[in-house]
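Could you build the full structure based on these sequences and the hints that come with them?
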Amino acid sequence: MAFLTGHSGAGKSTLLKLISIMERPTVGRVMINGHDLNNITRKQIAYIRRDIGMIFQSHQLLMEKTVFDNVSLPLVIEGHTRKVIAKRVDAALEMVGLSDKTRSLPITLSGGEQQRVGIARAVVNRPPLLLADEPTGNLDPKLSMEIIRLFEDFNQAGVSVLIATHDLGLIARMQYRTLTLKNGKMITDGLDDAQEDERS
Amino acid sequence: MSLLFRGRQKGAESKKVGRLQLFLMFFTDHLRQAVNSLGELWRAPFAALMTIGVLGFSITLPSTLYILVQNTEKISEQWQQASEISLFLHTRVSDADAQQLIKRLKLWPEIADVNYISAADALVEFQTLSGLGDALNYLDTNPLPSVVLVTPTSKHASPTAAGFLLDKLRKEREVDIGKLDIEWLERLYALLKITKELVTMLAVLLFFAVVLIIGNTIRLNIMNRRDEILVMKLVGATDAFIQRPFLYTGFWFGLLGGIMAWITVAIILFWVDSSLEGFMRLYQVNLDITGMDMRSLLVMLATSVALGLLGSLLSVKRHVSEIEPR
Numbered sequence: 001m002a003f004l005t006g007h008s009g010a011g012k013s014t015l016l017k018l019i020s021i022m023e024r025p026t027v028g029r030v031m032i033n034g035h036d037l038n039n040i041t042r043k044q045i046a047y048i049r050r051d052i053g054m055i056f057q058s059h060q061l062l063m064e065k066t067v068f069d070n071v072s073l074p075l076v077i078e079g080h081t082r083k084v085i086a087k088r089v090d091a092a093l094e095m096v097g098l099s100d101k102t103r104s105l106p107i108t109l110s111g112g113e114q115q116r117v118g119i120a121r122a123v124v125n126r127p128p129l130l131l132a133d134e135p136t137g138n139l140d141p142k143l144s145m146e147i148i149r150l151f152e153d154f155n156q157a158g159v160s161v162l163i164a165t166h167d168l169g170l171i172a173r174m175q176y177r178t179l180t181l182k183n184g185k186m187i188t189d190g191l192d193d194a195q196e197d198e199r200s
Numbered sequence: 201m202s203l204l205f206r207g208r209q210k211g212a213e214s215k216k217v218g219r220l221q222l223f224l225m226f227f228t229d230h231l232r233q234a235v236n237s238l239g240e241l242w243r244a245p246f247a248a249l250m251t252i253g254v255l256g257f258s259i260t261l262p263s264t265l266y267i268l269v270q271n272t273e274k275i276s277e278q279w280q281q282a283s284e285i286s287l288f289l290h291t292r293v294s295d296a297d298a299q300q301l302i303k304r305l306k307l308w309p310e311i312a313d314v315n316y317i318s319a320a321d322a323l324v325e326f327q328t329l330s331g332l333g334d335a336l337n338y339l340d341t342n343p344l345p346s347v348v349l350v351t352p353t354s355k356h357a358s359p360t361a362a363g364f365l366l367d368k369l370r371k372e373r374e375v376d377i378g379k380l381d382i383e384w385l386e387r388l389y390a391l392l393k394i395t396k397e398l399v400t401m402l403a404v405l406l407f408f409a410v411v412l413i414i415g416n417t418i419r420l421n422i423m424n425r426r427d428e429i430l431v432m433k434l435v436g437a438t439d440a441f442i443q444r445p446f447l448y449t450g451f452w453f454g455l456l457g458g459i460m461a462w463i464t465v466a467i468i469l470f471w472v473d474s475s476l477e478g479f480m481r482l483y484q485v486n487l488d489i490t491g492m493d494m495r496s497l498l499v500m501l502a503t504s505v506a507l508g509l510l511g512s513l514l515s516v517k518r519h520v521s522e523i524e525p526r
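Protein chains in written order, with the working numbering: chain W, 1 to 200; chain R, 201 to 526.
Honestly, the hints are just simulated from the structure, not real lab data. Treat the hints with care, since some could be wrong.
To be verified - EDC-like, lysine to aspartate or glutamate: derived pairs with alpha carbons at most 16 Å apart:
hint, chain 1, residue 1, chain 2, residue 2
1, W, K142, W, E113
2, W, K83, W, E64
3, W, K43, R, E524
4, W, K43, W, E23
5, W, K43, R, D439
6, W, K65, R, D427
7, R, K368, R, E284
8, W, K65, R, E522
9, W, K101, W, D69
10, W, K101, W, E64
11, R, K274, R, D473
12, W, K43, R, E522
13, W, K17, R, E524
14, W, K65, R, E240
15, W, K142, W, D167
16, R, K355, R, D427
17, R, K355, R, E428
18, W, K83, R, D229
19, R, K393, R, E273
20, R, K379, R, E284
21, R, K274, R, D427
The model shown is predicted, which means the values in this text are computed figures rather than measured ones.
Take a look at the structure:
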């Protein structure tokens, strides 16, 4: 689990987009688990993204579909049976504490709840990598903390989590590796002995 | 499935989808998406009906024309006497010889019927019809030849076959001149051929328009669901998966348009049939208009579905890949 920080425009989002191949690097390479993303063809991108759970500040939910439909989307795409989908969606919603909102439309939920629906969708197909772009962007500190705790749980379960945020207070309270970007360059990689093994 | 983490030992549990299940779910997905697409049309029936109408009417026009051409061909087949062949015999041929010839000709498989008009009969007929009556009496000899009228069987009544038969008949020793009243028949066939080509051209043009219209409708659908497509791409949907519902929409447009064309054609034929009846009585021909047989109906539906699919395919290939999360 690691944090990614820096002023706006420093390149946090761009880095996340490079990892999820929403953008391609003009120079350099992105390596994940020894694979060079430059070698990934357009057709393979979809399969790469199935391994990367993404959480957005703007949630990116389908407002006219129910919470269940939103969360189940990655599983439907992967071609799971109805039974498996229902089971896993329930489990994911349970984790984020929204079991009772299955049939609601996202539009009727609060900002924090919508964010948690987004998180449930990101983890429902159990990706090994989780990227979060300002997941606590417009949440109050208490909610933010809850969400970070959720990420910690996923991390415990073996998921690598990278959180881009400019909420320095939040980062200070958590003892995790912090990467700081400035003008597109990493100025500290936050790597010291104590935190090295936190890296997943 | 996983490209990056193949053989990942543990951690985030990686129970991926097996091959058999993937295969089965492929069909389940297809069925589900097909039904969903149909449901979507149902939810916006007016817009869907307009598109289906365009498709249906565009197919109705060439189909109706095609049926008309087919029926005209059928009518022209009934007028067999068109290819009646007149054989003018040499004047030296006696009546007895002529009878011999007729007996021989009756055995030919190509010939349905043979009529004989002797020179004397012809002269009498000419006298009464021409009004030259008395003048002809001054002639020493009868200048008219005997005539044998040959009616070919329906199989040999077409202009070319009748032409062959004529050539064969001319080789008969007794025959001086053979004539086939074929010209107007040839004209009719030529006209039919041109009409057929026109129908084909018209059909091609209309089909082209239909493809464009369907393509545009699907493009609007895609644009309307842009956000949904973006999200689907973000969570790892392949282009094929995203395209499928739109292709099914095209399929339904095609099928429903085809059915609509079928109904319209049936109505038009019913209409035409009643007004044609009087016309038929005038010309003393019996004709039941043949509507669509099973084969042409299937061809029409298949064409319609193919057009719908083609239109949506063109649109989908272009526009789905254009939408990329940024």
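Here is what the structure says about each hint:
1. With a C-alpha separation of about 13 Å, the suggested pair K142 (chain W) and E113 (chain W) falls inside the 16 Å cut-off, and the hint holds.
2. Distance hint between K83 (chain W) and E64 (chain W) is unfulfilled; the C-alpha atoms sit about 23 Å from each other, more than 16 Å.
3. Taking the CA atoms of K43 (chain W) and E524 (chain R), the gap is about 13 Å. The hint holds against a cut of 16 Å.
4. Distance restraint check for K43 (chain W) and E23 (chain W): the Cα-Cα separation of roughly 15 Å lies within the 16 Å cut-off, and the hinted pair is therefore satisfied.
5. With a C-alpha separation of about 8 Å, the suggested pairing of K43 (chain W) with D439 (chain R) holds against the 16 Å cut-off.
6. Our distance criterion of 16 Å between C-alpha atoms is met by K65 (chain W) and D427 (chain R), whose separation comes to about 12 Å.
7. In summary, the hint linking K368 (chain R) to E284 (chain R) is supported, as the alpha carbons are separated by about 14 Å, within the 16 Å threshold.
8. Proximity of K65 (chain W) to E522 (chain R) is assessed by CA-CA distance (about 24 Å); at most 16 Å being required, the pair is judged violated.
9. Restraint check: the Cα-Cα separation between K101 (chain W) and D69 (chain W) comes to about 12 Å, which is no more than 16 Å; the hinted pair holds.
10. For a cut-off of 16 Å, the pair hint linking K101 (chain W) to E64 (chain W) stands: about 14 Å separates their Cα positions.
11. With a C-alpha separation of about 15 Å, the suggested pair K274 (chain R) and D473 (chain R) falls inside the 16 Å cut-off, and the hint holds.
12. Among the hinted pairs, K43 (chain W) with E522 (chain R) is consistent with the structure: their alpha-carbon atoms are about 14 Å apart, no more than 16 Å.
13. Restraint check for K17 (chain W) and E524 (chain R): the C-alpha separation of about 12 Å stays at or below 16 Å, so the hint holds.
14. Among the hinted pairs, K65 (chain W) with E240 (chain R) is consistent with the structure: their alpha-carbon atoms are about 14 Å apart, no more than 16 Å.
15. Note on K142 (chain W) and D167 (chain W): the hinted pairing holds, with a Cα-Cα distance of about 13 Å set against a maximum of 16 Å.
16. Pair hint K355 (chain R) plus D427 (chain R) does not hold up; C-alpha atoms about 66 Å apart against a cutoff of 16 Å.
17. Taken as a hint, the K355 (chain R) and E428 (chain R) pair is broken in the structure, with Cα atoms around 64 Å apart against an allowance of 16 Å.
18. Restraint check for K83 (chain W) and D229 (chain R): the C-alpha separation of about 14 Å stays at or below 16 Å, so the hint holds.
19. For a cut-off of 16 Å, the pair hint linking K393 (chain R) to E273 (chain R) stands: about 10 Å separates their Cα positions.
20. Between K379 (chain R) and E284 (chain R) the alpha-carbon distance is near 9 Å, which keeps this suggested pair within the 16 Å criterion.
21. In summary, the hint linking K274 (chain R) to D427 (chain R) is not supported, as the alpha carbons are separated by about 57 Å, beyond the 16 Å threshold.
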